[in-house]
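From just these sequences and the hints, can you work out the full model?
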Amino acid sequence: MLNLGLDIATTAAILFIVSAGLLMVFGVMKIINFSHGAFLTVGGYASVIVAHAGLGWWWSVPCALAVGFVLGMLVERFIVRPLYARPLDAILATWGLGIIVGQIITLIFGRGVQMVASPVDGAVPFLGTQYSAYRLILVGVAVLVALALGWLVNGTRLGLQTRAVIMNEALARGLGISSARVRFMTFCTGAALASTAGCLITPLASVDPNMGVPWIVGAFMLVLVSGSSLVSLAVASLVLGGAQVLVSTFVNPVLGGLTIAVLAAVLLRFRPEGFARG
Amino acid sequence: MAEPVSTLPLARSASSSWKGPVAIGILALVILAVGSVSLPTFLVNNMIRAFLYAAVALTVDVLWGYTGILTFGQSAFFGIGAYAAGLIFTHEGFSWSLAAAALAAGLGVSWVVSRAVGWLAFYHGASPLYASVVTLVLPIVLVQGIYSGGEFTGSSSGLSGFDSIDIPLEAWFFIAGALLTVLAVTAWLFVRSDAGRLLVAIRENESRCEYLGIDVSRYKARLMDICAVIAAFAGFLFACVQMVVAPEYAGFVFGTELVIWVALGGRGSLIGPIVGAMLIDVGSAYLSGNLPYIWTLLVGVAFVVVIVAMPRGLAPVVASAVRRAVPRRRGTAPRPVAFLAAKPREKADADATRPALSLTNVQKHFGSLKVLDGISFDAHAGELLSLIGPNGAGKSTLMRCIADGAERSSGRVTIGGTDIGKLAPYDCVALGVGRKFQTATVFESMSVAEALRIARHRVSPPSKWKRDATLELPQPALDVLRLTGLDRIPERECRYLSHGQKQALELAMVLALEPRTVLLDEPTAGLTKQERTQIGEIFVALSSQYRMCLLLVEHDLEFVQQISSRIIVLHQGRIVMDGGVHDVVHSDLVRAVYAGETHAAENAA
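Taken in order, these protein sequences are the chains called A and B. Reading the first sequence from the start, the letters are residues 1 to 278 in my numbering. Reading the second sequence from the start, the letters are residues 1 to 605 in my numbering.
Calculated from the structure, these hints are not laboratory results. Idealized CB from N, CA, C, for every residue including glycine. Accuracy of the hints is not assured; some may be wrong.
Distance windows between CB atoms, simulated [what the hints assert, rightly or not]:
| # | chain 1 | residue 1 | chain 2 | residue 2 | range |
| --- | --- | --- | --- | --- | --- |
| 1 | A | Lys30 | B | Gln475 | 39 to 47 Å |
| 2 | A | Ala205 | B | Ser410 | 48 to 56 Å |
| 3 | B | Pro40 | A | Arg269 | 44 to 52 Å |
| 4 | B | Glu493 | A | Leu152 | 43 to 51 Å |
| 5 | A | Tyr84 | B | Val182 | 37 to 45 Å |
| 6 | A | Ile104 | B | Ser160 | 27 to 35 Å |
| 7 | A | Tyr84 | B | Arg324 | 27 to 35 Å |
| 8 | A | Ala123 | B | Val282 | 51 to 59 Å |
| 9 | B | Leu298 | A | Val113 | 49 to 57 Å |
| 10 | B | Asn391 | A | Leu152 | 47 to 55 Å |
| 11 | A | Arg81 | B | Ala541 | 49 to 57 Å |
| 12 | A | Tyr84 | B | Ile226 | 30 to 38 Å |
| 13 | A | Ala123 | B | Lys422 | 54 to 62 Å |
| 14 | B | Glu151 | A | Val120 | 39 to 47 Å |
Right under this line is the structure:
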């Protein structure tokens, strides 16, 4: 029972970490960044490179953050910016970017699966049970990510401008806020977050050129039901992630893998705003 | 085909519009027959697959390129057709009757699945993104289902080695090619027909279509059903030829590949996606062996570049190059569509005593904010009723509540004696309400005549395979076209019209619905003085001569005074005055309301 509770909490934490970057981009720019999966993959390979260089695993976090941010700058400037007015095309172009990144990584590293040693090993005793130490750490990381993003959005000048752009872009522009700059920064932050998430999940999953793909759809659905709110995303991760764990445990794992996508699609049919606004 | 050279525009008569596509189709069949015996076996084998993929790509083009429904789910229907054959042949063996059963099962299941998808994805007010999401979830669910089928579905390795229809490869080549040809010619005839223009109208302005009485969601769902069945048929043939089925053919990645081929070839061009699908698929067969990852990389780069820089794909680029290289044949300019007067329809329930429009205690609130509060009034045929009031008084909201049953929070709206309940806009149109929006909404890439024909869709459904040389319109719509000169430019694209012309065209489109009640939201905004006088005369004629009931939202008191037969003053969501023109215009209340002296208004009320 306690194990199940921990499974739900840690799954929700992982989903939150993986989806946060996508939420930033969707919330502000109203486009779905399908290259999110590619950024996850890039983050995963950042930790492979760090491991090859002989550095400790924790070095891969700042590395992934930096690589994701820089890559995000390029992608925003050359692919996303021309497509603001065509949101469905933006989905396609970013998906195409995902293909390109996947192929480039394949050309450099090969198709094979790369393993990264986990920074912390095995299980630790927790509340009278044994549980994976790294998954527990991720819960803390998710809280950190939420706090950092919360501070960024509510505590900084850029965050204030970002909220203005979310609420009323035309008015924000009229007040002298450069919405182009807000979008640029948002996309880079989202990309950096995705890349970091990719590096954070490497101890749990193997690294391969398509490692990001299975995560996209889940993250995408979570973001759609959350609108542009971090709180909604946390709720959605907990509810839908929880449902996924329950179905996987008690029904079967294949259905569990579909839970988020199916529940979210049906939820949106009856409640288009999803978990947002209550 | 020798074209007579003539300086006069040669009439392209309606009967010949199908001859070109059919002739090209027959030519394609002949080429296929020759190709099937003369091409090398390796190529024949690859071309069969490419033909079937192209057939599915064609359905993606109709759904996405023409109608604007971005779908990732056509692969799922292809997979359903393929698995129907694979499962039955593997577990029951092969016989002709079983093959027929497998085909029926494949088409039937994909039709049922498509109905479910349509119910989820298309409803009044659904966002296009949501529809894409549903089509994205479909193949993912299907593939997981196949994975969990174990021995029965062959799980991740699929099914192979089953017996199938035993005919030579050359015959399959012809069958697959013929299927593609028939589909392409049919689709070509349809998208060029008058009925087919509705696809583009939906892509350009879904909301305007709904207010023209077209149940867009239903239309999209039916279109998807047809495309699903076609994709399943292609999948069935695929399984029969290749004698192998695998989860990848039903998967989301294949669904995105279809979209990529359509985008590269040129969405909304039919031929582009066919060529795109075939070139990339046959190209992959030859090149992916030598340059495995580079090939996919190149396709990915080309895809991104095309989406960003050439959203219409390569087809228009090739077409304009051909046009430059080959001198334009003269004499093919289409004859402009002629407008004719439609016979007035029998109005069975033209009951003069019953109000055309009746509102009882209509309320609208957003949370705790009351936008409309206790609105009740009747309006009769022949009345020109103006709604005035300062900004934010709730005038436009009131219009919406009359034209869309789902808008109001409570109260009753009856049109011609029928309660609108929660009816959607297209059903309200059927009851006899036409709504003109505040900002003129027309279909930018369509011609004046095409836009008007879309408006006639509900009353007289147009041809599904040809273009008519004439368009019958009710007299009031013709009057508007004549007065504004639009009748002389039926082929002009809407995007090139002036603001005033767009307003007039939208009004004519609304009148083409033959409404008994017309809602006009600031129809004179942005018009010149002369256009305003002109349009005022039209309104007076509509109410007095054609006995329509007009409900007009206006700011210009002088204009209202000239044309109205009655005026209602709205202030802060309530009716503060309802009466004759003279009484209202000269009341202290109206002056107070317009001067912004709200206290005076409240006291007076």
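Violated hints - listed by number, lowest first: As far as the earlier hints go, 9 and 10 are violated by this structure, in ascending order.
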